[in-house]
Amino acid sequence: MTGAEQVISALKQHKITTIFGYPGGTIMPVYDRLLDTDIEHILCRHEQGAAIAAIGYARAAGTTGVCMATSGPGATNLITGLADAMLDSIPLVAITGQVASPLIGTDAFQEVDVLGLSLGCTKHSFLVTDPSELADVLEQAFTIASSGRPGPVLVDITKDALLAEVPQQEIMSMEPVKAPEPEHKHLVSARQLIAESQRPMLYIGGGVVLGQATGELRDFIDATQIPSVTTLKALGTVPYCSPYYLGMLGMHGNQAANHAIQQCDLLVVIGARFDDRVTGKLAEFAPNAKVIHLDIDAAEIGKFREVSVPMRGDLRQLLPHLTLNNLQLNEWQQQVAELKQQYAWRYDHPGERIYAPLLLRQLSDRVCDKTIITTDVGQHQMWAAQHMQPAHPQNFISSSGLGTMGYGLPAAIGAKEARPEDPVVLITGDGSFMMNVQEMATLKRRKLPVKILLLDNQRLGMVKQWQELFFEERYSETDLSDNPDFVTMARAFDIPGRTITTKSEVPAAIEDLLTSSGSYLLHVRISEQDNVWPLVPPGAANHKMLEGNS
Amino acid sequence: MNHHTLTIQANHRPETLERLLRITRHRGFKIESLNMEQDQQNGQLCIEVSVCSERPLKSLEGQIAKLWDVIRVEESNSPSIRQSAYA
Ligand SMILES: Cc1ncc(C[n+]2csc(CCOP(=O)(O)OP(=O)(O)O)c2C)c(N)n1
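Those sequence lines, one after another, are chains X and V. Position in the first sequence counted from 1, then plus 82, gives you this note's numbering. Position in the second sequence counted from 1, then plus 114, gives you this note's numbering.
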């Protein structure tokens, strides 16, 4: 058995059926062996696309994603994807070829110190020069990627190790790393704080999704009826019909969510990490609240905010321990319900031009519960977060921590490969779409029916909005009014589409988008003047939100 | 500025020290002195590092404990020992 066959065998051992990648010199031994397996390799058209597709796959399926690239430029092109997976804690195994071991450190052709590059953007990484270590390293890689707080792991393998004969090795499955049991005294204190609180709030983050604890969270909310807010990554964890769920908090969150958090006396933080886009001015975030913090990662607990009760562990185990019935919260629930009503999204908008929030709400009402939404980054992303109502968190896939433009299309490809039966809709912007536009070739090759909704304001809208508000309307390099003709461009990839410009066209266009048999591009012209509201200005406390006049 | 000394036990990989240095810098700590030795019996590394920062030491300790090759971290002269995050 060769090293390359060892790689294939490790993938099989981990029941990997689909991988994303791009071939080249040093990884060729693995690509050669791929021909003789039933592992599906999806050729993306840029390694960044492959890495992000693997992330989309992992997020939609709730499993580990795998991507592969060659040494040098192949590996450097993966880096943005690794960083994205790092900040969003996505289980990802990246396999890269490396120049033969005698050539390492000689500035050989396509040699880059990938291990060095990986240090800041992976959970862990390996350089394998000795083929006898391969089986063990790959086993560790899969274990590390998916256990505890998940994350990306890179395995860089020299070409000589891939070509070498290695004795067939029995791969010893590693025990998954066990989460610690909750400490009794902390359970008692946490329950007591919850029981005593007059105005508790749940601040729910992506850890719930990664810890596969959505069911436990929903049971907890059903029993306690504690009001809740979520981060961008946790959208869909709480059903939108829950009476005391206030949506997303933070910089572009719902006002009700931000106000309720500011007023609460107890913050139960569930798999969230006090990100700066969420808290606004940290010193004034939930200023009167005690904090119970539940997380798998000890380093997140107390990182920014003193906690009254630390609860490190598996959320699936922790949440049932904290479930209390018969909490007397009527007065607070009433206040929360009033906030919810007072700040409910409004869709009245004058004129004939298309108003993105309304369009997205119409789309959200029209799609089925299984629909997966992926987004790019910018204003359209925030509008999607505000106005789409995913039925499940695995159905809303958006680059949160890194804010990676170019994410949406490859993530949609990965999601569609993971769940071919479920509809996939990409919500993108004219800036972001161009960043991984080459992946339309992957849609074409795989005949993947991904529905593309392109909100075109002919601007790098989010940056333009900041220039307008915080840089005295000095618009530097945010004008995209010379965009290509997107519909014509899509047609070159066999993707039909159309352009709409007025409100009255929206319902029929959404229908065409969703019911077309294959991929479809709905190109929507919107005004460059529409901004995302509300907005917490940088450095301000979350209750000091700006409201636009649109 | 707060000054602290950490004792770290770790698996000996070629890049273990690099990981430690990177995380220390990136998390806002300056290294004032560093000593590394290999334990002849078990091959593991014993690293003693003195750092200073405005940030609480806890924030660095937690990140070091998460390094896969780190077995334990403890503040010298402190009773609290932080096991590897994976123990
Ligand atoms: C790779 C990358 N480069 C730059 C940015 C900074 N950035 C954030 S939003 C944005 C504009 C996005 O424009 P577009 O995709 O058209 O979306 P819009 O805001 O107009 O909806 C930019 C440049 C980023 N997030 N990612």
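If you are wondering where the hints come from, they were derived from the structure by calculation, not from laboratory data. Just so you know, even glycine gets a beta-carbon here, dropped at the ideal spot from N, CA and C. Treat the hints with caution; some may be incorrect.
[Unchecked claim] Pairwise CB distance ranges (calculated):
1) 139/V / 384/X: 16 to 24 Å
2) 190/V / 557/X: 49 to 57 Å
3) 129/V / 406/X: 30 to 38 Å
4) 609/X / 142/V: 36 to 44 Å
5) 142/V / 474/X: 54 to 62 Å
6) 260/X / 117/V: 48 to 56 Å
[As the list claims (entries may be wrong)] Here are the computed lysine-lysine pairs in the PhoX-like style, where the Cα-Cα straight-line distance is at most 20 Å:
7) 452/X / 144/V
8) 363/X / 385/X
9) 372/X / 267/X
10) 422/X / 626/X
11) 385/X / 144/V
12) 626/X / 363/X
Against the structure, the hints come out as follows:
no. : hint                      : result
1   : 139/V / 384/X: 16 to 24 Å : holds (22 Å)
2   : 190/V / 557/X: 49 to 57 Å : holds (55 Å)
3   : 129/V / 406/X: 30 to 38 Å : violated (48 Å)
4   : 609/X / 142/V: 36 to 44 Å : holds (43 Å)
5   : 142/V / 474/X: 54 to 62 Å : violated (38 Å)
6   : 260/X / 117/V: 48 to 56 Å : violated (36 Å)
7   : 452/X / 144/V             : violated (50 Å)
8   : 363/X / 385/X             : holds (15 Å)
9   : 372/X / 267/X             : holds (17 Å)
10  : 422/X / 626/X             : holds (17 Å)
11  : 385/X / 144/V             : holds (19 Å)
12  : 626/X / 363/X             : holds (10 Å)
Checked against the numbered hints above, the structure breaks hints 3, 5, 6 and 7 and satisfies the rest.
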